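Asks: Starting from the given sequences, assemble the full structure and let the hints guide the process.
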Amino acid sequence: MKRLFTNARLVLPDHVAEGSLLIDGDTIAAVGAVEAPSDAETVDASGLLLAPALVDLGVFAMDKAAMRAGGIARIGLMPDQSPILDGPGIIQRATAMGKPELWVHPIAAATAGLEGSDLGEMAINAEAGARAVATGRRWIADSGMMRKVLAYARDCGLAVIAHAEDSGLAGNAVATAGETATRLGLPAAPAIAEALAIARDLMLAEESGAHIHFRQVTTADGFELIRAAKRAGMPVTCGITPAHLLLSDAAMTDFRTFAHLSPPLRSEADRQAALRALADGTIDVIGSGHDPRGPEEKRLPFADAAPGMAGAETLLALSLGLVRDEVVSLERLFALLAANPARILRLATGTLEAGRPADLILVDPDTPWQISADRMTAKAGNTPFDGLPVQGRTVALFKGGSEIL
Amino acid sequence: MSPSDHRPGTLLNGSEAFPHRHLTGIAGLQPHEIMFLLDEAEQWVEANKERGRLSDRLTGLTQINAFFENSTRTLLSFEIAGKRLGADVVNMHAGQSSVKKGETLIDTAVTLNAMRADVIVIRHGSSGAVQLIADKVDCPVLNAGDGWHEHPTQALLDALTIRRRRGAIAGQRVVICGDILHSRVARSNILALTALAAEVRVVAPSTLMPAEVERMGVTPFSDFDEALEGADVVMMLRLQNERMSGGFIPSTREFHMRYGLTPERLARAKPDALVMHPGPMNRGVEITSSVADDRERSAITEQVAMGVAVRMACLDVLTRHERGVEGWA
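Heads up: the protein sequence lines correspond to chains U and G, in order.
Using UniProt numbering, you'd call the opening residue of the first sequence number 1 and step up by one each time.
Using UniProt numbering, you'd call the opening residue of the second sequence number 1 and step up by one each time.
Check before you lean on any hint, since a few could be wrong.
Said to hold, decoys possible - Quick list of the computed label-pair ranges, beta carbon to beta carbon:
id, chain 1, residue 1, chain 2, residue 2, range
1, U, A96, G, T252, 52 to 62 Å
2, G, A168, U, A141, 48 to 58 Å
3, U, A141, G, T104, 30 to 40 Å
4, G, D88, U, A141, 22 to 32 Å
5, U, Q370, G, S251, 49 to 59 Å
6, G, V90, U, A250, 36 to 46 Å
7, G, M257, U, T253, 31 to 41 Å
8, U, R375, G, T104, 17 to 27 Å
9, G, V90, U, A96, 49 to 59 Å
10, G, T104, U, G355, 47 to 57 Å
11, U, Q92, G, S251, 53 to 63 Å
Treat the hints as calculated values from the structure; they're not laboratory data.
Note that this is a predicted model, so its numbers are computed, not measured.
Backbone N, C-alpha and C define an ideal beta-carbon position, used for all residues, glycine too.
Replies: Shown next as structure tokens:
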């Protein structure tokens, strides 16, 4: 079946242009000034944005409804599942479970059981469908083990997705050391816990030549290390969530457990550094960090509550705010939300180019709405942005040419 | 008694004097509201020297002391305070509660609420737990200590002790020494004393000093001797071994050498400097017995007595609205 989108504002890799886009079956057939084939169904986009569907790298829950609402066609699923994604059967099952609404790309455990002591079966898991390996929610404290993980992953052609928090410093901390944590009396770790972890892992990655992706970098020192490594030509990438771009640790005031995240929210100075890193290209990926937690896990004293947020359905709207604030251009935003995460997962999707999978979203970038924890479609409504007015909504989502309703 | 110049309780009508539903912390209280509670406590100080029930203000009211963390002296102090005001006091210990059976804190709060308590006093090991409960119940909630966060009645009783012994709080140089990082007493005292215009110095090894504590309006020191210069009040904190994992100090022996309050060290403070400790004390660790037991200098026993008066005042003030006291509707 052929479908022609007309009157669209196409978000292309390097610019935004008015035009049309033709899909043939599950593939983009042509982009730009397209002649309408006689057998094509025509969709008048009425001036809406037609952009690549989002590829959400590093989510913790296969939450189809939330992904649909957020314009996300594909997710890189973290290995921290139950059971942990560390065997071919589990990987295959995870891949299949999203269909047909959601394309799930499992990220396998870099170490067996995410225990940090034995290598995971990377090649077997990759054969079963894993697109990368990850250290999970934790840092691998044993440097010798991390060195082996990086070297072996390089051999397998897989990126290593790392959590960057020195566990010796982080301990049982739930906040970043600073005025807010001090006033609230919360166990806190210094922000350099992140930079220390990054520094070690970068040195190990440089030695092995492995591609290392830091799932979330959130501190000024961390960005500086990534910047320097990129300048040196290392295959390093990093991501962030809207929460760390838009909120500082002041959001934890009154013990709001929705603001209990991992890594914890940082100082305002670090938040400003994150915005600069986004603007100058140091950051490669914006992900939702989707990790919905029900009241059983959130309606607890702050330190006892589980970290995590429901981020999928707010990812696009919050990110579009960065375009309005002129931190990034629209086309770069979609590189951060789709093309770059797709590249890290070795997927051909994420850009509007002929021959690519027809994973598309129609977006009204101006629709105003208010984020409400009570009205989330996610498995739980724990968003630190509860009550925030935003603009921009997904009007339609197409995965492999089929509309996902 | 050393009266304060500041008497808002007589100047403002009741609801303006203390408009808060709960006492979850010193944070959020205005200086005149802190002074109001101290003034209210004053009336119970002398009365407490009498025996038996002092008032029937809380007669017919049920006070539940829900202690999720072990405590002897604070629980006893709240129990005595409630009983002296005529309340029916019920103590709930975590060890006996359904918390041990897996009930969540919110469920416990809802249960307490359904039992129609008139005032709930809570101690909990997690910072913010008291606020969580306060948001779920219909009656006033008093924080008897939550995690590392706040212990407001301790700060009030310390402030009352200082005011009575030194004549004023404003302008006093107060040195708080010990495990500042893990201390809710330190946080509440910093908030109360700085709000009342005292100069507060905090002293601890860097391993036990919270980040950016100076943004709370205090001056941090790691050298106790230096901090003690010209001190009016020296407040020692208990070394909280149970909250420490992973060696914050090399040994208690070394801690005593650097931060123990000895007569020689105390000589660096003003000659009439007051010595305080919230208790229980580790004698020979943060304080030597000769200093702790020096009746001239030490206010440690007096602090305990002030604790009952302060808690009576807080129970009285927070239940006035429920009791329909004129001016508190």
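Asks: Now look at each hint and say whether the structure bears it out.
Replies: How the hints compare with the structure:
Between U:A96 and G:T252 the beta carbon distance is about 59 Å. The supplied range of 52 to 62 Å therefore holds. Against the hinted window of 48 to 58 Å, the Cβ-Cβ separation of G:A168 and U:A141 comes to about 53 Å, which satisfies the hint. The supplied range of 30 to 40 Å is met by U:A141 and G:T104, whose beta-carbon atoms lie about 32 Å from each other. About 53 Å separates the C-beta atoms of G:D88 and U:A141, a value inconsistent with the hinted range of 22 to 32 Å.
A hinted range of 49 to 59 Å holds for the C-beta pair U:Q370 and G:S251, which are about 56 Å apart. Hint check: G:V90 to U:A250, Cβ distance near 39 Å, so the stated range 36 to 46 Å holds. Between G:M257 and U:T253 the beta carbon distance is about 39 Å. The supplied range of 31 to 41 Å therefore holds. Separation of U:R375 from G:T104 is about 24 Å and conforms to the stated range, judged on CB atoms against 17 to 27 Å.
Between G:V90 and U:A96 the Cβ separation comes to about 56 Å, which falls inside the hinted range of 49 to 59 Å. Checked against the given bound of 47 to 57 Å, the beta carbons of G:T104 and U:G355, roughly 53 Å apart, stay inside it. Between U:Q92 and G:S251 the Cβ separation comes to about 56 Å, which falls inside the hinted range of 53 to 63 Å.
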